[in-house]
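Asks: Residue strings, one per chain:
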Amino acid sequence: MLRSAFVMVAAFAVLSLLGGRDAVSVLSGTVSTAGGALLGLSYALAWFGALLLAPPLLVTGLFRAYRGSQKPASPPTH
Amino acid sequence: MRSLLVFAAALAVWLCTLHLFFRPDRAALVQPLANGQLAADHSGLRRYNPEWELMGRLFTALAFANLSFEHPEYLAPLTRIANETDALERQHGVTYFLLPYGKHATQSLFVDGEIALMLAARQLRAGGDPASLEDRVARIERQLTASPLLLPESYPDEGWVFCNTVAVAALKASDAALGTDHSELIARWLQSLKLHLVDPRTGMLVSSFHRDGSPRDGPEGSTIWLAAHMLQLVDPQFAREQYALARASLGHSALGFAWAAEWPAAWQGGMDIDSGPTIPLVDANAGSSGLALLGAAAFEDAAYLDGLLSSLRLAAFPVQRGASLRFAAGNSLADAVTLYSLVQGPLWNCIKESRCSAPRS
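Those sequence lines, one after another, are chains A and B. Going by the numbering used here, 21 is the number at position 21 of the first sequence; the sequence numbering is gapless. Going by the numbering used here, 357 is the number at position 357 of the second sequence; the sequence numbering is gapless.
Wrong hints could be hidden among the right ones.
Residues on chain A that point at chain B, a partial pick, calculated with CB under 10 Å [claimed, not checked]:
no.	residue
1	6
2	22
3	27
4	49
5	53
6	57
7	61
8	63
Label-pair distances were calculated between CB atoms; the ranges are [claimed, not checked]:
no.	chain 1	residue 1	chain 2	residue 2	range
9	B	200	A	34	21 to 29 Å
10	A	29	B	184	24 to 32 Å
11	A	17	B	236	19 to 27 Å
12	A	48	B	157	18 to 26 Å
13	A	48	B	9	39 to 47 Å
14	A	38	B	157	45 to 53 Å
Think of the hints as simulated: they come from the structure by calculation, not from any bench. All residues carry an ideal CB built from backbone N, CA and C; glycine is no exception.
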């Protein structure tokens, strides 16, 4: 869960650095290159993934980590 | 299983509170958007659609006219864009702002109506030589009276309610600017519009029609919101009814966000170049949602307007560069519509109440 959240945020950050935000004009039909269109669509998907899913995934991952830390250690075997 | 429940609960809480992070501050959007429009080059839209260039110019001019009531520094750019647009059409001809399939057109209510409304706004706010406005008004009069149903076309055998309402709003605005009176002609046009172009299933105006008045398409979001706003100048009651019908059948909202569909459920049409794509499941259409901003603002539907602006901030990718703001998912036409939606009001009020303070010559 935590890893998924970080991957989403990292993908969004990378696409932002590549200039994906400007390329989302593909959504209004005003991008002239196929590469630009692909970048814009990828950026839009990454934005919605990071915005909508990453926070609940993060919360769930933290919950699981907390639960894991509360489990009693297994008794040593001899 | 427990993780799944936690995820579902976290997702539900997050989706219900998300709108709080995208709440609009309407006033804070105006100046950055206006700065963007002052620097915008609408001619760049020509390679995608020449109509978009003319519409971008119109909405920018109308926005500047409204802003000029409080900020006279917008009078110069208003005058420049109106005069430049008029000159471009005179230099290149009526097809300059039409799509290629209109290459044989000799006249277009779309072109004359939009340029006339720009010139009327300039005349009302900044004055100047009224000759070009008078000429555009005469062209509209000729097209209206030559049409068998008083409903002229934008392309051969292709009329649009969008263009008709803009042209009649231009007549009304020019009356205020020039002291003329087109009330009798406008009354006859309204009668024909209601008789021939109201869809009996929905009660809404259709979007496009043939020369004989038969519909080419049904009611359409990217037409009806704008048409209702234009009708405010000539028939406020009918305008409000059209807005209410559009709001009921095209407007959607959930979780603090709002959007608009392009087609009512009773009449499902296809995608066209103006309306753009529709997001399935939620039935959100970019063109309709953009112009719904104008409808919501013009009819003071504050809750719907704030929901639409929240959606815009969430899904249209605002880009702030220096003092300018634009929305990356759109183009300069969409930004012009957004700006005009946020500042509309003063110009329409001055026309309706005949209290425009600008010189008449």
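Asks: Evaluate the given range 21 to 29 Å for the C-beta pair formed by residue 200(B) and residue 34(A).
Replies: Distance hint for residue 200(B), residue 34(A) is violated at roughly 45 Å.
Asks: Quick check on the hint: residue 57(A) CB to chain B CB, less than 10 Å?
Replies: Since chain B brings a Cβ to about 7 Å from residue 57(A), closer than 10 Å, the hint holds.
Asks: Okay, residue 48(A) versus residue 157(B) on CB: inside 18 to 26 Å?
Replies: violated (42 Å)
Asks: Close enough to count: is the Cβ of residue 49(A) nearer than 10 Å to one in chain B?
Replies: violated (13 Å)
Asks: Please check whether residue 61(A) passes as an interface residue: C-beta within 10 Å of a C-beta belonging to chain B.
Replies: At 9 Å from the nearest chain B Cβ, residue 61(A) passes the 10 Å test, so the hint holds.
Asks: Using the Cβ atoms, figure out if residue 38(A) sits within 45 to 53 Å of residue 157(B).
Replies: About 39 Å separates the Cβ atoms of residue 38(A) and residue 157(B), which means 45 to 53 Å is violated.
Asks: Falls inside 24 to 32 Å, the C-beta gap from residue 29(A) to residue 184(B)?
Replies: violated (42 Å)
Asks: A closest beta-carbon separation below 10 Å is what the hint needs, so does residue 6(A) meet it against chain B?
Replies: This interface hint is violated because 16 Å lies over the 10 Å limit.
Asks: 39 to 47 Å was suggested as the range; check whether the CB atoms of residue 48(A) and residue 9(B) agree with it.
Replies: At roughly 20 Å between Cβ atoms, residue 9(B) and residue 48(A) fall outside 39 to 47 Å, so the hint is violated.
Asks: Could you check if residue 53(A) really has its C-beta closer than 10 Å to a C-beta on chain B?
Replies: holds (8 Å)
Asks: Tell me if residue 22(A) is really an interface residue toward chain B, meaning its C-beta lies closer than 10 Å to one of theirs.
Replies: holds (6 Å)
Asks: Taking the beta carbons of residue 17(A) and residue 236(B), is their distance inside 19 to 27 Å?
Replies: With a Cβ separation near 51 Å, residue 17(A) and residue 236(B) fall outside 19 to 27 Å, so the hint is violated.
In the structure shown, a violation is registered for the earlier hints numbered 1, 4, 9, 10, 11, 12, 13 and 14, in ascending order.
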